[in-house]
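Chains as they are written, first to last, in the UniProt record's numbering: chain V, 1 to 322; chain W, 1 to 264; chain C, 1 to 337.
Just so you know, the hints here were simulated from the structure itself, not pulled from any lab data. Take these hints with a grain of salt, some might be off.
Output of the computed footprint for chain W on chain C, the stretches with three or more beta carbons under 8 Å from beta carbons of chain W [stated by the list, open to error]:
#1 55-65
#2 103-113
#3 230-244
#4 257-271
Restricting the straight-line Cα-Cα distance to at most 30 Å, the calculated cross-link-like pairs of lysine-lysine (DSSO-like) are [as the list claims (entries may be wrong)]:
#5 V:K131 <-> V:K8
#6 V:K201 <-> C:K15
#7 C:K32 <-> V:K185
#8 V:K201 <-> C:K32
Anything over 12 Å on all C-beta distances counts as not near chain C; from chain V, calculated [as the list claims (entries may be wrong)]:
#9 I4
#10 E47
#11 V54
#12 E63
#13 R77
#14 M90
#15 P102
#16 K134
#17 L135
#18 R208
Note that the Cβ used here is the ideal one computed from N, Cα and C, for glycine as well.
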Amino acid sequence: MLDINTKKLMKNAYRITKHRGITALRVRVLGGGLDAGYLDVIKAIAERFGNGKVHITTRQGFEIPGIPMEKIPGVNRLLAPVIQGLEVEMGVGIADVNGGYPAAGTRNVSACIGNSVCPFANFNTTELAGKIEKLIYPNDFHVKIAVTGCPNDCIKAHMQDIGVIGLVLPVYDPGRCMGCGACVKNCRKVASGALEMVNYKVRRDHRRCLGCGECVLKCPTSAWTRGDQYYRLVIMGRTGKKNPRLARTFLEWVNEGAVLKVIGNMYGYIEKYIDRSLPKEHVGYIVDRTGLPVFSQEVLQGIELGSLGRAAGFIPFGGYTY
Amino acid sequence: MSNPYLPFRAAIIEVRRETAVDFTYRLEADMQVAGGQFVEVSIPGVGEAPISVSDFGDGWIEMTIRRVGRLTNVIHHLRPGNSLFIRGTYGRGFPLERYAGKDLIIAAGGTGLAPVKSLLNRYGGNPGEVKSLTLLAGFKTPADILFRDEIERWRRQHRVEITVDRDDAGGWPGRVGLITGLIAREPISQPENTVVIVVGPPAMMKFSTLEFIKRGIKQENIWVSFERKMCCGIGKCGHCKIDGAYVCLEGPVLNYTTAGRLMD
Amino acid sequence: MAYWLDMDSFNGILKELSADNVVYAPVKMTGKGAFSGTDLVAYREISGVEQIEFKEKSRFSPKEIVFPITQTLLYFTEEEYAVPGTGEKGIIVFCRPCDVNAFKRLDEIFLRNGGRVDSYYRELREKVRFFVIECAESFDSCFCVSMGTNRADGYDVFIRAAGGGFLCDVRGDLATLFEKFGGPAEMSLRFIEENKTKVSIPESVDQSVFGHGIWREYASRCIACGRCTVSCPTCSCFTMQDIFYEDNPNRGERRRVWASCMIDGFTAMAGGHGFREDHGDRMRFKLMHKISDFRKRFGYNMCVGCGRCDDVCPEYISFARAINRVDALMKEAVENV
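Taking the hints into account, I'd like the entire structure generated from these sequences.
Have a look at this one:
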């Protein structure tokens, strides 16, 4: 006699699958990076309780299919070291590591590989993903967040409710510039054409600058160096049946504090405005209902934009309907 | 401490139009010049460029300047009474002592005629210095022919053959064809007693020199004048270095035994 | 004379010297590397010995102290021009033996080549005193021993960082100052006697190597960014630039800035014609200058084997290996004769 509370099962990060009585576990891999040792746990769960297969999800987690629903408690106990290592030790508040994941609504915070490997990355994406996870998990609201090291956006931050893109303010020392023009040419070619040569030295138009840091990378003399670290926040990108669209810039040239605060505030906004008559409502659709000004007013509370920071007053989200 | 980069102001005394894009400027300047040498010419705020001295005399020098860039565009707006800044003269010119008593053939392509102009004038006034002088000059089109008046004067003093690569407009009564054709047909009675100067664009110099060698001229009797990017003119900036030589120091006039061996 | 000084005494010396000197040393600047989370080691003015980076090789050489990346030659107005001064202070440069040898090569070009003295260079160069940092260990890319530049002469102070303090061999008039702050010590100078990287310099290079396929290979690899030449302690090419002030177009400056034979436009004449468009040709030109052309004029090689060009090449082209390849090609050519 199989009697399952599907709501609880799903909240525990398991899924109702097409095979009756068979579930699949979704393992969160914070920022997409983990010590290789955890793979042993994944392997053990798949082989002992699942069908021996592991699916790698788009959000950088592992989905372990073929698990009989009655095995869930056993799976959760086996999973404990993963939750301990990838969540609790990152500062995420989870009381019982043996009970599996306490929530699944707010999805795994994914991240590109960041500056631990990538030359283009402007910061440590894994670290920020950890700080965000700590701030928002566990939570049942259906929110997708991703963190990417530079405007190349390899993690597809533009497909998230909140996409965090790392920027750097390039600092120019004209005395060190030999006028080779490598930065100017490159910016025109791969970025936004924010640089031009004036009197054999480079002039940067901050309004056009993406903060990608390409000029710093291309400069042979270190005339361009890294200044302060900033972020661009793109919001409300999504796939789905109703209105797929890319996220658009909400904030740019803001610091980490502002990023974290906006994300935290967003949960208050959802709490306040979510349509509770629905089984779930994605935050993007809430913003569609309330309009951006209401969202802005809620999430920008207590935010210091700083001298460079800018917030969008109006966002033509666009996208399309099928 | 003497500063080799300091230019001095030189007043423009005369401007002569040679072609639509080439003008000759006579400057008031008291300088020691050997034909083939160059000066660094500048306008503060615009830039500086090496320009060969095309002619010189007591208290003056002349340069024939083609409008090809930022600086020369501005120079072309100057009139007598305006001035230019110059420093120099730099480089080595033509070793006239090596030409004494010889049959001298000068092959010039386009603006390459400018650095040898003073030689043509000099030998016009002192015909005994060389045994004979022949000028073979090639231009792109008849409209590009420089020093038309002087050429007419030289015709009375030296053997002069002019050719143009093409005659688009029509009506050019002279030869059409590359200068190498002139060299191939040039009567050279005593190759061993003939000395040659080749000045012009890189490709013209290369093929003309090969043609002269084919005609039996010894390599040590051929001189070329190199054109390179130069900023300082005094062997510091490095732009004109080829192999172990600096064009601004050992050149621009180089004997072919040196020039031909430079590996770039 | 040799002296031992702890950090405070050394800083006492620096403080006294700073009254009449500007002191430059390799400094590690946190977060200033091109990649995020990396540091930059380069020459900066210092006030204390603790600022000096003794462990890592600097990305840029000390040449920029006497041959600044951008240097104003003349200020001009409509009517006249003025030459900027360089101040009264002397210059102290902390650098390694290879870099001291590199200055000798710069001197050759700026003070002697062509018989004219570059007054701007001389004015700065005459003020320089070297405080040589002893190389305790060779870095992987160094090949100073092959180039004969592992030893340094012509210094005022030779420093070994040891036991939390500094052992210094002092020459000339600075001895009085060191005596005041330090205690007498014994010191025998140590130089690097072997590098991991070794090069063999060909006695001559002929046309057969010039036309060889390796340059086509380098052409396909080199991106002509110029990092090798910019980091090179002996590259001394520059370009002149005239600028006018935007708020007063009648006033301006004539400057010189570093130029690189690897970067587009180096040989481009007015009108656009250039001589070495191919990146492999540029690589060969640079290599020939460093190991042959300079020697033809001055009797010794230009390259000092600091290995910075290998450290900084984003395309992982090893200049040291290129030298060895050219040498091997020449040996092959000789054998085949």
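Results for each hint:
Coverage of the region 55-65 of chain C by chain W is violated in this model, with 0 residues showing a Cβ closer than 8 Å to a Cβ of that chain against a need of three. Counting residues of the region 103-113 of chain C whose beta carbon lies closer than 8 Å to any beta carbon of chain W gives 3, which reaches the threshold of three, so the coverage claim holds. Residues of the region 230-244 of chain C with a Cβ under 8 Å from some Cβ of chain W number 9, which satisfies the need for three, so the listed coverage holds. Check result for the region 257-271 of chain C against chain W: holds, 8 residues qualifying (beta carbon to beta carbon below 8 Å, three or more required).
With a C-alpha separation of about 27 Å, the suggested pair V:K131 and V:K8 falls inside the 30 Å cut-off, and the hint holds. Of the supplied pair hints, the one linking V:K201 and C:K15 is violated, its CA atoms being roughly 36 Å apart against a limit of 30 Å. A C-alpha spacing of about 22 Å is found between C:K32 and V:K185, which places the hinted pair at or below 30 Å, so the restraint holds. Simply put, V:K201 and C:K32 have alpha-carbon atoms about 20 Å apart, close enough for the 30 Å limit, and the pair holds.
At the 12 Å boundary, the C-beta of V:I4 stays outside the reach of chain C, the nearest C-beta of that chain being 47 Å off. Every CB of chain C is more than 12 Å from the CB of V:E47 (nearest about 38 Å), matching its label as outside the interface. Listed as a non-interface residue, V:V54 keeps its Cβ farther than 12 Å from every Cβ of chain C; the least gap is roughly 32 Å. The claim that V:E63 is not at the interface with chain C holds, since no C-beta of that chain comes within 12 Å of its own (minimum 32 Å).
Distance check on V:R77: its Cβ is at least 38 Å (rounded) from any Cβ of chain C, clearing the 12 Å threshold; non-interface status holds. At the 12 Å boundary, the C-beta of V:M90 stays outside the reach of chain C, the nearest C-beta of that chain being 20 Å off. Taking the minimum C-beta to C-beta distance to chain C, about 33 Å, the non-interface status of V:P102 holds against the 12 Å cut. Under the 12 Å C-beta cut-off, the non-interface status given to V:K134 relative to chain C holds; the minimum distance is some 21 Å.
No beta-carbon of chain C is positioned within 12 Å of the beta-carbon of V:L135; the least distance is around 23 Å. Distance check on V:R208: its Cβ is at least 20 Å (rounded) from any Cβ of chain C, clearing the 12 Å threshold; non-interface status holds.
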